[in-house]
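Trainee: Input sequences plus hints: build the corresponding full structure.
Listed below are the residues making up each chain.
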Amino acid sequence: MPYYQDDYKIEENDTSNSSCFDIQVYCPEIANAAKAGQFVHIQCEGKILRRPISICEIDKKAGTIRLVFDIRGDGTRWLSKQEEGAFLNILGPLGNGFNLNETAKKALFVGGGMGVPPLLEAAKAFKGKADAILGFKCIDNSMLIDDFNDVCSKVIVMSDDGSLGEKGFVTSLLCDRITKNKYDVVYSCGPTAMLKSVSEITLENNIACFVSMEERMACGVGACLVCACKVKENDKEAYKHVCKDGPVFNAKEIVW
Amino acid sequence: MLERMGNPPPRIAETSSGILNSVGLQNPGIDYFIEHNLPWLKEQNTVVIANIAGGTHDEYYEIARRLDATDVDMIELNISCPNVHEGGIAFGTSCMGVENITKLVRRATSKPLIVKLSPNVSDIGEIAAAAEASGADAISLINTITGMKIDIKTRRPLLKNNTGGLSGPAVLPVAVRMVWQAAARVSIPVIGMGGVATWQDAVEMLLAGACAVQVGTANFTDAYAPLSIIGGLDNYLNENGFKSVREIVKKVEIWQ
Ligand SMILES: Cc1cc2nc3c(=O)[nH]c(=O)nc-3n(C[C@H](O)[C@H](O)[C@H](O)COP(=O)(O)OP(=O)(O)OC[C@H]3O[C@@H](n4cnc5c(N)ncnc54)[C@H](O)[C@@H]3O)c2cc1C
Ligand SMILES: Cc1cc2nc3c(=O)[nH]c(=O)nc-3n(C[C@H](O)[C@H](O)[C@H](O)COP(=O)(O)O)c2cc1C
Ligand code: FES
Chain A
1 MPYYQDDYKI
11 EENDTSNSSC
21 FDIQVYCPEI
31 ANAAKAGQFV
41 HIQCEGKILR
51 RPISICEIDK
61 KAGTIRLVFD
71 IRGDGTRWLS
81 KQEEGAFLNI
91 LGPLGNGFNL
101 NETAKKALFV
111 GGGMGVPPLL
121 EAAKAFKGKA
131 DAILGFKCID
141 NSMLIDDFND
151 VCSKVIVMSD
161 DGSLGEKGFV
171 TSLLCDRITK
181 NKYDVVYSCG
191 PTAMLKSVSE
201 ITLENNIACF
211 VSMEERMACG
221 VGACLVCACK
231 VKENDKEAYK
241 HVCKDGPVFN
251 AKEIVW
Chain B
1001 MLERMGNPPP
1011 RIAETSSGIL
1021 NSVGLQNPGI
1031 DYFIEHNLPW
1041 LKEQNTVVIA
1051 NIAGGTHDEY
1061 YEIARRLDAT
1071 DVDMIELNIS
1081 CPNVHEGGIA
1091 FGTSCMGVEN
1101 ITKLVRRATS
1111 KPLIVKLSPN
1121 VSDIGEIAAA
1131 AEASGADAIS
1141 LINTITGMKI
1151 DIKTRRPLLK
1161 NNTGGLSGPA
1171 VLPVAVRMVW
1181 QAAARVSIPV
1191 IGMGGVATWQ
1201 DAVEMLLAGA
1211 CAVQVGTANF
1221 TDAYAPLSII
1231 GGLDNYLNEN
1241 GFKSVREIVK
1251 KVEIWQ
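Note that the protein sequences, when read in sequence, are chains A and B.
Under our numbering, the letters of the first sequence match residues 1 to 256, in that order.
Under our numbering, the letters of the second sequence match residues 1001 to 1256, in that order.
FYI, nobody ran anything at the bench for these hints, they're computed from the structure.
One should not assume that every hint holds.
Said to hold, decoys possible - Subject to a maximum C-alpha distance of 25 Å in a straight line, what follows is the list of computed SDA-like cross-link-like pairs (lysine to any residue):
(1) A:LYS137 x A:SER16
(2) A:LYS244 x B:ARG1004
(3) A:LYS244 x B:THR1221
(4) A:LYS236 x B:GLU1035
(5) B:LYS1149 x B:GLU1035
Said to hold, decoys possible - Facing chain B, according to a computed beta carbon distance under 8 Å, are these residues of chain A, among others:
(6) ILE48
(7) LEU49
(8) VAL226
The C-beta atom is built at its ideal place from N, Cα and C for all residues, glycine as well.
Mentor: Now the structure itself:
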């Protein structure tokens, strides 16, 4: 799988959403090679380690990728201050991405918080047939709801405190949705605790489930082995690596 | 020798100008390596050095013996890994330990044998001399310096292994000092590493007594770091009228 490292220009910086940062980067080689669910690794000034950020949307024609992120520490704080016209040193596209050979099937996307952006490009592949449940802490943390409405059949929005959509966790609605609708596959990204419940619920209901995982990274390309994720392989436990074997895993494999 | 799972994640933490890692030598075992990884490595048209570590003396011997029968170009004896509970650093922190393991592995192979030294010792010169006297063809240093980082919010170590090995620019001055002290005591080649990120760092290493330089952590920031270092080194040699790096090895002019 080809990946590239170069300085790429921020073409657009959409400041209209107060809950996250939303940029378009012009990187034709990366955009051309990228698949839904992959990520890029971004150099942040003064930092030894790059910061992994998922590719939210890919526009191969325009040669751009969209990145949506939030401030979590020094690296993302620096990133948030980069303006239109600035250059970012980006390595990518990295990781395996979502397996989208099943776009004929009925899919449900389940995203929580910053786990929502990585699902958008994959949801687009279902050409309006997929549903989505998007969960946020509160109305101030919500993002990409219009984007999902544009590409999905039904979008349910939830918040922990009830300030937006239905009150509660995404998993509280998941059981109900999957028994009423015959979904073939669930794609999910979000906090680990949420992914664990999503995976348990889908497993009990015999529905295929793919989760996008996070782990601290260094190389991003499968060389240094720091981004370990425990999986079951032939009834034995082993560590796979989020940057190369993932970030998307079959939920069945993961040892939570 | 057998498969090693490695340590649980997180296995990496960023520190001021450095990183701590606690991978713990995850690897598929010697037989798997010889069968599945080595053929690909040999196709890459470069020198292949196998970095080996065992849990016991017998394992070190057996790994070296099996590699001796392959077309690996050189063996690097890792007696300096701070992240495993058995083997690794345990053999590398006393002269007696270094002598015993080096002599043993020397008997198992006629391939060039590099002994990789730990900086977690009080007299690196003595250790270097012990390696040479026991049959090492070269020494390499430094491996990582044992360190720790604590998350003050959770009051827990960031690494699941609690401690890890420090590498990156933070360790360069320590590495340069140790290369200088080791090179003063041996006549076999010294391979210098530890924090080299720029061509200037590489020049320091060479002046201190290294005849080759390795670059590890810098690749995480910039995958092209080794190429930039080689380019910068060439310019430095040209500008200063040197025909080869050999002419600057060990040429630091010490104050009397
Ligand atoms: C595959 C993948 C995709 C991601 N996609 C997105 C995204 O689309 N949008 C977004 O806002 N965030 C995303 N993240 C999380 C993002 O990488 C972290 O928020 C970011 O690295 C934090 O860096 P910092 O310097 O601001 O924080 P600090 O806490 O100061 O970072 C310290 C170190 O920890 C690492 N780190 C901290 N939190 C995480 C985390 N959650 N995951 C991995 N490494 C972490 C950093 O990379 C850095 O090495 C993704 C993570 C992964 C692994
Ligand atoms: C993620 C990681 C994994 C490493 N694994 C090994 C290893 O398996 N064997 C070994 O001898 N040294 C290992 N090292 C140590 C490096 O080879 C090197 O000695 C050290 O990092 C200092 O150099 P640097 O600052 O250029 O990285 C590892 C270092 C890192 C950061
Ligand atoms: S970050 Fe290096 S193997 Fe995943």
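Trainee: Flag every earlier hint the structure violates by its number, smallest first.
Mentor: 5
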